[in-house]
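Visitor: The chain contents come next:
There are 2 protein chains.
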Amino acid sequence: MKVISLLKDVKNELKFVEKELQKAVEAPDPLLSETSAHLLNAGGKRLRPAFAILAGKAYNFEREKLLPIAVALELIHMASLVHDDVIDASPTRRGIPTVKARWGNQISMHTGDYLFAKALILISQYSNPMISSVLSDVSVKMCEGEIQQIISSFDVRQGVKDYFYRIKRKTALLISASCQCGALAVDAPMEVVKALGLYGHHLGMAFQIGDDILDLVADQKKLGKPVGGDLRQGIITLPIIYALARSPQRQRLQELVGKREKSEGEVLEAIKIIKESGAVEYSLNMSNRYIVKAKKQLVHLPPARAKDSLVVVADYINNRKY
Amino acid sequence: MKVISLLKDVKNELKFVEKELQKAVEAPDPLLSETSAHLLNAGGKRLRPAFAILAGKAYNFEREKLLPIAVALELIHMASLVHDDVIDASPTRRGIPTVKARWGNQISMHTGDYLFAKALILISQYSNPMISSVLSDVSVKMCEGEIQQIISSFDVRQGVKDYFYRIKRKTALLISASCQCGALAVDAPMEVVKALGLYGHHLGMAFQIGDDILDLVADQKKLGKPVGGDLRQGIITLPIIYALARSPQRQRLQELVGKREKSEGEVLEAIKIIKESGAVEYSLNMSNRYIVKAKKQLVHLPPARAKDSLVVVADYINNRKY
Chain G
1 MKVISLLKDV KNELKFVEKE LQKAVEAPDP LLSETSAHLL NAGGKRLRPA
51 FAILAGKAYN FEREKLLPIA VALELIHMAS LVHDDVIDAS PTRRGIPTVK
101 ARWGNQISMH TGDYLFAKAL ILISQYSNPM ISSVLSDVSV KMCEGEIQQI
151 ISSFDVRQGV KDYFYRIKRK TALLISASCQ CGALAVDAPM EVVKALGLYG
201 HHLGMAFQIG DDILDLVADQ KKLGKPVGGD LRQGIITLPI IYALARSPQR
251 QRLQELVGKR EKSEGEVLEA IKIIKESGAV EYSLNMSNRY IVKAKKQLVH
301 LPPARAKDSL VVVADYINNR KY
Chain Z
1 MKVISLLKDV KNELKFVEKE LQKAVEAPDP LLSETSAHLL NAGGKRLRPA
51 FAILAGKAYN FEREKLLPIA VALELIHMAS LVHDDVIDAS PTRRGIPTVK
101 ARWGNQISMH TGDYLFAKAL ILISQYSNPM ISSVLSDVSV KMCEGEIQQI
151 ISSFDVRQGV KDYFYRIKRK TALLISASCQ CGALAVDAPM EVVKALGLYG
201 HHLGMAFQIG DDILDLVADQ KKLGKPVGGD LRQGIITLPI IYALARSPQR
251 QRLQELVGKR EKSEGEVLEA IKIIKESGAV EYSLNMSNRY IVKAKKQLVH
301 LPPARAKDSL VVVADYINNR KY
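Protein chains in written order, with my numbering: chain G, 1 to 322; chain Z, 1 to 322.
Label pairs and their in silico Cβ distance ranges:
(1) Z:Glu261 with G:Lys15: 43 to 53 angstroms
(2) G:Gln22 with Z:Asp219: 45 to 55 angstroms
(3) Z:Glu26 with G:Pro189: 30 to 40 angstroms
(4) Z:Glu261 with G:Lys161: 42 to 52 angstroms
(5) G:Phe164 with Z:Arg157: 49 to 59 angstroms
(6) G:Lys225 with Z:Pro226: 37 to 47 angstroms
Which bits of chain Z does chain G cover? Going by a derived footprint, with three or more residues having C-beta under 8 angstroms, they are:
(7) 21-32
(8) 119-130
(9) 141-147
Everything labelled a hint here was simulated from the structure, so no lab data went into it.
Even glycine gets a Cβ: it sits at the ideal position worked out from N, Cα and C.
Next up, chain G with everything else stripped away, as it sits in the complex:
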């Protein structure tokens, strides 16, 4: 998804976002400044700010109206990452130790809360109540997704419906909100806001399916973490669900997937079974359908270069390798 930050329409604006992000994570306490800045300095694609900017530009570009919401969206995303780290105790994220690994659970939780609250300050600047309404709805649903992920972990009986419920909340809704809020910030009419919201939703679904495929098939170096992470954490993704239902070796796969502690060999065996079942092709096809649906929404937008960029982004998601 790096492509989005390289787009002409976005690249320059993200420099402003970066500066404001640095300012936003400043805290009176040096430790809190350090933990807050820790994840920020590890970089990232700034996907949600990029979507907000592109969505805003698709209607009418006004930097000073777009910047606070773009920054707020990245802060919300970062807050959820820091809180995720508290949970799954993963030792690294984006190639560096997590806040949790370095400072422990207590500090991580408060750092997440802090980043989220900083986002709220930026959001409260907007007079359009739709912006905070959209974002508070998403925040509620993101928690629902997290809880469902915990409850359903290692549960091999879950189906495609559970998966879609989860990735909608984990990923698609915040990308959809990014698009909506970008449009709302520049006072786009509801028709445009709605179309961009659906575009973001469908693209977010495709993006997460893509992520979940890559977690099984990607090059470890490019992925920045070992493959099979979801299997290890018991997160049962679309390709796994497909293979659990369709693979001739589904019984063995069930056994492997349901195991709370897996050896390296068992993870690789599960991946092999999943790949051989056709699950990757099935999932790619599902992702592709979302891409098509996302692009269809763009007909509701006025012609603009940013609109073309939204098409480029959609096509890219369909073809990314890492």
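Got chain G; can you put chain Z on it based on the hints?
Guide: For chain Z alone, kept in the frame of chain G given last:
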């Protein structure tokens, strides 16, 4: 502080708050509903809703305008309690097992996030941007207070200034915000909002000093938890700071307070030294000064029965025994 919920001006309204709170914690997932409702059903004084209602009534009573913010304030408070439980791993709160003790850290953290996000939905209903602005500022500062508490725990070198920095963020600001938001919700003029904000701030400071005194001197049964909890957790409160500086046995006290694992006998010994130093009287006097300052702010309010209630509440805080 139970008195506030017994006041005529508040009692009836809190029944509405209670009903709305029950609705607010409903979740699509049964586990999330259960964890969210868990703390709610344990009861509580509903201090923050009560302050919002009294503050609103001091200007102009409109239930439908006050109810959402009153509920939101309690949700924010509950969210912070659930997150606190993740941290200090205390086995009970309000006499029942904590969310953390029953469901673990992951679920607790998301339950806290969920309650907070539910509050945001209620807040986003208000068209006055001051309300979300006040609450997002408070949320940022509450995190700063939590982090400072972690960093400074067991640190016997801290002074009164560190203590006031902390209790302002931990307690006073949210009570101040409750008063401000109650007034803002009923469209009170800025002069009234400001006076009520200062009233709430001073009262909140007095309230926390009172809590910190009671943690050392209260009857364990009435307190609902063992005395000396702060000493055990390394939270160095005003009476402790005073005794660390003034007690003739300050060297022994330093040793005891700085110890990360204390025996029951050591906790009781520390409490004895603190009491003998005159720290309780000093702290009561400090609390009293805040009460006086709080009451002074009420001259800026128009005459109303709720104004008299605010005086009653202030006097009560000065005399409470548990």
